[in-house]
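Trainee: Spelled out from the first residue to the last, the chains are:
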Amino acid sequence: MMDLLSGVTPGALLNATVQGVLLGGLYALFAAGLSLMFGVMRLVNLAHGDIAVLAGFGALVTVQATGVNPLVALLLVVPLAAVLGYGVQRGLLTRTVGPSPLPSLLVTFGISVVLQNILLLGFSADQRRLPSGDITQRSVSIGSINVGVLPVAIFVTAVVLLGGLSVFLARTTTGRVIRATRDDPDAVPLMGVNPRHVYGIAAAIAFASVAVAGVAYGTTTSFTPSSGPVLLLFAFEAVIIGGLGRLWGTLVGGVVLGVAQNIGAAIDPAQQILAGHLVFLLILAVRPQGILAGRRAVTA
Amino acid sequence: MSAWRVVRGGIDSVAGGGLLVAAVVVFAALPLFADTGTTVRFITLFIYLVLAVMWNLLAGFGGMVSIGQQAYIGLGAYGLIVLADQVGLDPFLSIPIAGLLAGAVAVPVSFLAFRLVGGYFAIGTWVIAEVARLITVQFNQVGAGSGVSLRALAGTNADARNELTYWWALGLAVSAIGVSVLLVRSPLGLALTAIRDEPTAAASNGVDVTRVKRIVFVVSAAGCGAAGAMLALSSLRVQPDSVFSVEFTAFMIFMVVIGGLGTLEGPIIGAVVFFVLQETLGDYGSTYLVVLGVLAIVVVLFAPRGVWGLLGGGGRVQGFPIRYRVLARKEQP
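Chains A and B, in that order, are what the protein sequence lines are.
Per numbering that gives the first Met the number 0, the first sequence runs over residues 0 to 299.
Per numbering that gives the first Met the number 0, the second sequence runs over residues 0 to 332.
In case anyone wonders, no lab produced these hints; they're calculated from the structure.
One thing to keep in mind: the hints can contain errors.
Claimed, not checked - FRET-style restraints, in silico, Cβ to Cβ:
#1 A:Val82 / B:Ala27: 49 to 59 Å
#2 B:Asn204 / A:Leu281: 32 to 42 Å
#3 A:Arg89 / B:Val86: 15 to 25 Å
#4 A:Pro78 / B:Glu246: 46 to 56 Å
Claimed, not checked - Stretches of chain B that chain A covers, calculated by requiring three or more beta carbons in the stretch to come under 8 Å of a beta carbon on chain A:
#5 58-71
#6 176-187
#7 243-257
#8 298-309
These numbers come from a predicted model, not from an experiment.
Think of the CB as a built atom: it goes at the ideal place given N, C-alpha and C, for glycine as much as any other residue.
Model the full assembly from the supplied sequences, consistent with the hints where possible.
Mentor: In structure tokens, the structure reads:
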């Protein structure tokens with residue numbers, strides 16, 4: 000390890016860590032929806048990353064058509080994603096509910112293949128990036144570290160959204176209904192709740208949150224119609240590293256993954272993704288319950 | 000003597016077996032009268048067959064949805080190149096050895112992957128496949144990111160090489176089907192079916208669930224590895240982004256779902272259907288893949304037993320003698 004790090008200065012290492020933490024907020028936002036859908040419906044949406052990419056292209060089209068800022072495009076893209084989530088859940092995924100995870104996996108994998116190829120037909124395989132004006136270039140220097148304004152803004156947004164989601168699930172009536180449905184979907188109809196509607200709402204929240212993440216991602220990095228799977232893998236790794244069913248654990252998981260990737264990139268730019276995967280596998284091997292396990296699970 | 004007897008198979012399985020034997024005989028004789036273009040196409044069909052049967056073993060019988068079988072396809076393909084070009088083994092003999100090596104890799108991998116269940120197991124296997132690809136491209140000895148060509152067969156007669164490749168591919172497909180029939184008929188198969196239907200109940204009846212799943216996981220990896228080796232041998236070139244592509248798993252899922260998950264006949268039908276679609280519509284690229292995806296979703300939702308189920312299979316009709324049937328004896332005691 001020391002040998003690997005020999006070419007990396009402490010300053011570069013510190014810089015990579017800070018950038019990794021900021022990136023981790025975005026990964027946590029990607030992971031929140033995946034974790035929510037698994038927690039509530041026991042369903043793993045393999046098209047999760049593709050929904051983020053779809054939102055990125057949605058924002059791109061909006062920006063190109065109207066000339067607005069991607070931030071404004073969110074006002075259109077996020078509600079559409081929520082409606083899509085509700086529709087997909089009630090129209091397709093509701094038919095796959097059952098003890099076996101197989102049908103939902105097969106259907107969401109099918110959705111993933113379909114979405115990727117529709118986007119390929121519509122937008123070609125070219126790399127795209129959302130224009131975000133001069134904010135992309137702006138940065139603040141703290142000592143030897145340059146911190147971009149945009150990554151900080153995205154990190155803060157992600158933390159605020161995760162906090163909002165946490166409060167929503169813990170305090171509001173809808174949040175309580177979602178948690179009740181998660182705990183016992185057979186009992187909630189006795190209280191006049193339609194679990195299928197609740198599942199629809201959970202999917203709407205998941206799709207909306209991953210749409211925000213997708214648009215944020217598109218402003219910082221270029222993406223293609225095939226970027227979805229790798230985003231799904233990052234979201235999944237954040238969930239597992241943090242510990243299943245822990246929303247704040249997911250933030251920790253995202254940060255660990257982001258730091259691992261950035262330190263990997265500091266050692267050798269080609270090894271960024273592999274470094275993240277290896278840290279994930281290491282944690283899976285030594286601490287499969289996640290690094291925050293043992294604490295009280297706060298939310299879905 | 001009781002009035003009932005329990006049998007496996009019957010006239011339908013005799014017909015199914017007969018059909019299969021006839022098909023194998025015809026296919027085996029094909030190089031004698033068909034041109035090279037035709038036999039090369041059928042090599043692809045045989046590879047699809049192996050992949051479909053292996054994925055079905057995993058998901059249909061083992062209840063494990065893997066999206067990472069491309070890890071073993073890739074390792075098998077690279078394994079063949081290394082064994083034939085660098086170790087110096089016979090390229091054809093390297094096919095089963097590369098498969099066994101891929102299976103050996105799956106043993107330690109299973110300990111990691113089995114920490115995850117259901118949907119998270121699916122994504123976990125995908126991560127592992129990505130790691131296999133990212134590690135493979137580190138090695139300049141196998142061409143790093145751009146891939147490597149098989150040199151061992153350079154200078155051999157192309158027609159003779161194609162014939163031999165064809166027969167090996169046919170043999171591999173027949174072995175894959177044979178192994179899965181034997182596996183499912185064995186006591187292990189009984190345990191598998193029990194696990195697929197209700198893992199908790201199976202465990203409480205003394206089935207060592209993890210051990211049985213691990214065996215299936217390793218067998219499936221070995222089969223995919225051999226298919227990957229076959230792929231390398233037939234194309235004479237291996238590229239990391241292609242052999243480690245998740246598209247293979249997408250195709251495997253499609254074939255098994257269309258044909259009929261959890262039956263032995265289903266993946267065979269699915270592979271043939273997919274092969275025909277690929278040959279006729281494969282050139283349409285993305286549009287074609289959209290259609291495949293939609294078709295798979297529709298089948299999962301509305302015809303979960305696939306084509307074989309629609310044909311009445313899996314219930315009373317059985318192409319392979321798998322399930323037990325209770326028959327009344329003709330002579331009453």
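Trainee: Each hint: holds or not?
Mentor: Hints, verified against the model:
A C-beta distance of roughly 56 Å is found between Val82 (chain A) and Ala27 (chain B), which places it inside the suggested range of 49 to 59 Å. The hinted window of 32 to 42 Å between Asn204 (chain B) and Leu281 (chain A) holds, with their beta carbons roughly 36 Å apart. Look at Arg89 (chain A) against Val86 (chain B): about 56 Å separates their beta carbons, and that is not inside 15 to 25 Å. Distance hint check for Pro78 (chain A) and Glu246 (chain B): the Cβ-Cβ separation is about 33 Å, which falls outside the suggested range of 46 to 56 Å.
Counting residues of the segment 58-71 of chain B whose CB falls under 8 Å from any CB of chain A gives 4; the rule of at least 3 is met. Here the segment 176-187 of chain B counts 0 residues with a CB under 8 Å from a CB of chain A, which misses the bar of 3, and the coverage is violated. Look at the segment 243-257 of chain B against chain A: 4 of its residues bring a Cβ nearer than 8 Å to a Cβ of that chain, three or more, so the hint holds. Check on the segment 298-309 of chain B: 3 of its residues sit with their Cβ under 8 Å from a Cβ of chain A, so the three-residue criterion for coverage holds.
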